[in-house]
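Using the working numbering, read the sequence shown as starting at 39 and increasing by one per residue.
To be clear, the hints were calculated from the coordinates, so they are not data collected in a lab.
Every residue, glycine too, gets a C-beta built ideally from N, C-alpha and C.
Misleading hints may appear alongside valid ones.
Simulated restraints, written as ranges between beta carbons of each label pair [stated by the list, open to error]: (1) G120 to G209: 34 to 44 angstroms; (2) G73 to E129: 35 to 45 angstroms; (3) D189 to G82: 19 to 29 angstroms; (4) E126 to H75: 17 to 27 angstroms; (5) N169 to S104: 17 to 27 angstroms; (6) T89 to P131: 17 to 27 angstroms; (7) L136 to H75: 33 to 43 angstroms; (8) Q86 to R150: 13 to 23 angstroms; (9) G152 to G218: 34 to 44 angstroms; (10) E207 to G120: 28 to 38 angstroms.
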Amino acid sequence: MDPSAHDRRLIPEGRADGITASSPVPSKAMSTHFGEHWHRRFLGLSEQIATWSKDPSRGVGAVIVSPSKQIVSTGFNGLPRGVEDRPERLERPVKYDLIVHAEMNAIIQCARNGVTPIDCAIYSSFFPCVNCALAIVQSGIETVVTYRPADGDEHWLESIEKSRVVFDEAGVAFLELERG
39 MDPSAHDRRL
49 IPEGRADGIT
59 ASSPVPSKAM
69 STHFGEHWHR
79 RFLGLSEQIA
89 TWSKDPSRGV
99 GAVIVSPSKQ
109 IVSTGFNGLP
119 RGVEDRPERL
129 ERPVKYDLIV
139 HAEMNAIIQC
149 ARNGVTPIDC
159 AIYSSFFPCV
169 NCALAIVQSG
179 IETVVTYRPA
189 DGDEHWLESI
199 EKSRVVFDEA
209 GVAFLELERG
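Between the sequences and the hints, there should be enough to build the whole structure, so can you do that?
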């Protein structure tokens, strides 16, 4: 892998449903004082948090981290508080209307706890969908660190491409690492 790949946003040329992507531009993600070692630590924590999800097909975890490396909030994909956890609600297609994504849950936890995610980084065990990308931008998070999409994630690629464009246009740095 080209070592400079870690210092660029990974926005491919092209379109995603009316959203036009630009060329790769320098990323702020590596300008934080976090080296790859810290990025992998927090991604590992997001993977651990993903195991708390009851979703039978994919658990996703997210960790919001302050510029001083303090954990501000965590979240995993699951049903909202107070909504009964019945197995049929965790199956497709019902779950698509009921599950709160990990990134959204982490941002909501910030609001519930009265802490700000402004200028923080979010680490997610799966690339944020476009709806979570919008919430990330609106919340003031400045850096997203996640894994590159894997084989078998093709049905998410359109949403992921839109997320990349949103992050690029909003000036949110993002870093995609290889798993492992």
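Okay, the hints, checked on the actual structure:
1. G120 to G209: 34 to 44 angstroms: Since the Cβ atoms of G120 and G209 sit about 36 angstroms apart, the hinted range of 34 to 44 angstroms holds.
2. G73 to E129: 35 to 45 angstroms: Once the Cβ atoms are compared, 41 angstroms apart, the range 35 to 45 angstroms for E129 and G73 holds.
3. D189 to G82: 19 to 29 angstroms: Holds: the Cβ-Cβ distance is about 21 angstroms, inside 19 to 29 angstroms.
4. E126 to H75: 17 to 27 angstroms: 42 angstroms, violated
5. N169 to S104: 17 to 27 angstroms: 24 angstroms, holds
6. T89 to P131: 17 to 27 angstroms: The hint (17 to 27 angstroms, Cβ to Cβ) holds, given that T89 and P131 are roughly 24 angstroms apart.
7. L136 to H75: 33 to 43 angstroms: 37 angstroms, holds
8. Q86 to R150: 13 to 23 angstroms: For R150 against Q86, whose Cβ atoms are near 21 angstroms apart, the range 13 to 23 angstroms holds.
9. G152 to G218: 34 to 44 angstroms: Taking Cβ atoms as reference, G152 and G218 lie about 37 angstroms apart, which means the hint holds.
10. E207 to G120: 28 to 38 angstroms: 36 angstroms, holds
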